Amino acid sequence: MLGKYLENVRKKSPLIHNITNYVTVNDVANVLLACGASPIMADEPDDAVEITAICNGLNINIGTLNSRTIESMFKAGKKARELGHVLLLDPVGAGASSLRTDTAVNLIKEIKFDVIRGNASEIKTLVLGSGTTHGVDADKADAVSDENLSFMIDFVKDFAKNSGSIIALTGAVDLVADAEKCFVIRNGRPEMGRITGTGCQLSGIMTAFIAANPENKLEAAAAAVCLMGLAGEIAFKNLQPGEGNSTYRNKIIDAVYNMTGEILDEGAKYEVR
Amino acid sequence: MLGKYLENVRKKSPLIHNITNYVTVNDVANVLLACGASPIMADEPDDAVEITAICNGLNINIGTLNSRTIESMFKAGKKARELGHVLLLDPVGAGASSLRTDTAVNLIKEIKFDVIRGNASEIKTLVLGSGTTHGVDADKADAVSDENLSFMIDFVKDFAKNSGSIIALTGAVDLVADAEKCFVIRNGRPEMGRITGTGCQLSGIMTAFIAANPENKLEAAAAAVCLMGLAGEIAFKNLQPGEGNSTYRNKIIDAVYNMTGEILDEGAKYEVR
Amino acid sequence: MLGKYLENVRKKSPLIHNITNYVTVNDVANVLLACGASPIMADEPDDAVEITAICNGLNINIGTLNSRTIESMFKAGKKARELGHVLLLDPVGAGASSLRTDTAVNLIKEIKFDVIRGNASEIKTLVLGSGTTHGVDADKADAVSDENLSFMIDFVKDFAKNSGSIIALTGAVDLVADAEKCFVIRNGRPEMGRITGTGCQLSGIMTAFIAANPENKLEAAAAAVCLMGLAGEIAFKNLQPGEGNSTYRNKIIDAVYNMTGEILDEGAKYEVR
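Chains C, E and W, in that order, give the protein sequences.
Residues in the first sequence are numbered from 1 upward in steps of one, following the working numbering.
Residues in the second sequence are numbered from 1 upward in steps of one, following the working numbering.
Residues in the third sequence are numbered from 1 upward in steps of one, following the working numbering.
With the rest of the complex left out, here is chain C:
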């Protein structure tokens, strides 16, 4: 079902502009290339607007934001919206500082995003206005589990309805929802949390998936989540004794590179609620 959305990325090779943090930016670029898209990065305001205009999608990640890049996020975001381009927000660390929370909240107020993708603490912060994000990681108390699943599904659907955006709340269980429909996804490995930037990589991929599948945004966003999680499973199986998180990082990107629509169809674990 979802494999065709990957195939469309490989066919169309969307050009994705990333205003993103300098911690994980290289991995974001390589994983976009791995899934068949092309990355570009610009963060000086004028340049960011012009580069946005020639791209198919814009991925805004506030991971190491500063006053200059914040200006770029707002200006480029408005340009992307004006042009009808795909627009994703990754509110890294929202809840951990007021600059991060305020920037994410104001971006959502001023610009309608196609998708907002974050961990449970970040998403809660955006709904409630303040949060308990543990640095850039979700607070354990916020995690989606079988116990609170129905509640959390309603929570993300409500946020999707109020914001007009697809909400992708990712963690041990991933939820990808619009106002009506929620994909509950169980791909992935807990060891992915021991690598920096798997969330940032997913945001890049997801922007490409939606840009290449504009008629099926929700399904494309869910397919990106399944792809990243399945790549984490395949890479984990390929780990040899003595290998750790650095090699795991490489093998996940390698697994994205070698993924086909068929493998994704077979490996995707999800239900729709």
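Calculated directly from the structure, the hints in this document are not laboratory data.
In this text the structure is predicted, and so the values were computed from the model without any measurement.
Certain hints may be false.
All copies of an identical chain are treated as equivalent in the list; a pair is satisfied when it fits inside any one copy or across any two copies.
[Unchecked claim] For lysine-lysine, the following DSBU-like pairs were computed, each having C-alpha atoms within a straight-line distance of at most 30 Å:
hint : residue 1 : residue 2
1    : K140      : K11
2    : K4        : K217
3    : K140      : K79
4    : K112      : K237
5    : K140      : K12
6    : K112      : K75
7    : K140      : K4
8    : K269      : K12
The hints should help you fit chains E and W onto chain C, whose structure is shown.
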């Protein structure tokens, strides 16, 4: 023939200052170490000037330029020129935005570079003043092929003559030319385009090669192109089933690390026109 | 003896804020995750102060400093000191430019660091006010050797006494000293110098070790040095023919990931003087 230029890099270990983008900077640093040079990065204007003064070469890459780093590029570039240091420009994304095009064009106007290294669309943009660069990748219509080879050789020789710089136009076929002489190089693998930053890495290496071989700049620049392409071929042969672009990236740098003058002499594929 | 300090990092998982350079930042993040800590990066002044407040330790690395990040270093450093958080300075390139030297010297004047970790040329620069740092690498003439060992031990103890900080001078032989006691450590491999950022990685790890072992700061700092060196030894043994510095980088982080207190106890090579 070209292997000795690598051996000189390993012997002299030139210190190379890189004002470069934050996407691929780590790979640039590691590939410089792999070929025997030492990297340093600084981009605050005063610091960039002082660091330039203690180095043997300056590699200016406009990949994620901003107003502060642009100032550093001009000031450090002038200092390098004043001191007679090797100076390379990598006009990443020239043609994709006016800030990138203007910055590259003005750098060339105000500072004479030993080498300008870019893809076909970037180089065309510098000659024609505007371009059709597809993000940071060359437009397919601009590619060097057997059909347009003679025309393109004249094109780069003309640009070399007018700019007073060696022109390195890299792609499926690489051209490295001054006003009189053009190396046509056929090393490399198409899969290198699926990794971010092989061009940036080449610019770093090329700066080191010229710094270590000041009497033979054209040959040294060509040797750097052969080295990078050959490393891509060796790494490709070493890829195992299931490996992809992330591991390929590591194996290319590893291949540079293990390259000898003899291997380079045997593997370099070029003609002089 | 030292293995228990690693175990405490894994148990407590300290959150470490890094104001650091963009060259090696991804490796710093991944090595912190590898040893059981959590990384976060912020460098806009207000954000850096707030993020500092929620963390357990602050690692200041001046590798690609600029006017904005320098302001963040001073403000976040003062906040960390006020809150009694662990505070480490990595004076990358002190001695190579006046901005780097002055920033490091002034940071030390205005903020008391728990540890100052650098190479021999950087540390000499901080004591003498100016230096002969070769880019970001130590000048060979400054290296600690068996010939000058007693002199250098006194030198770092004196600096520790005068600054009130633990001094970690790392190179072929590593010295970790307070005013009274010096660990002389002989772990590591010379090939680690062919990878960018092993020093930066060590600074990140060391901040985490001290944050998790506040009662034994000197021993924890020494344990971090042994860990990094031993990881370099283990990774070197795991290198296959044809592998080079890029794969070595990954295998070192992997070795940190797989390190146990027991392995560290067996492999640590040090004496106390």
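- Item | List of violated hint numbers, smallest to largest | 4
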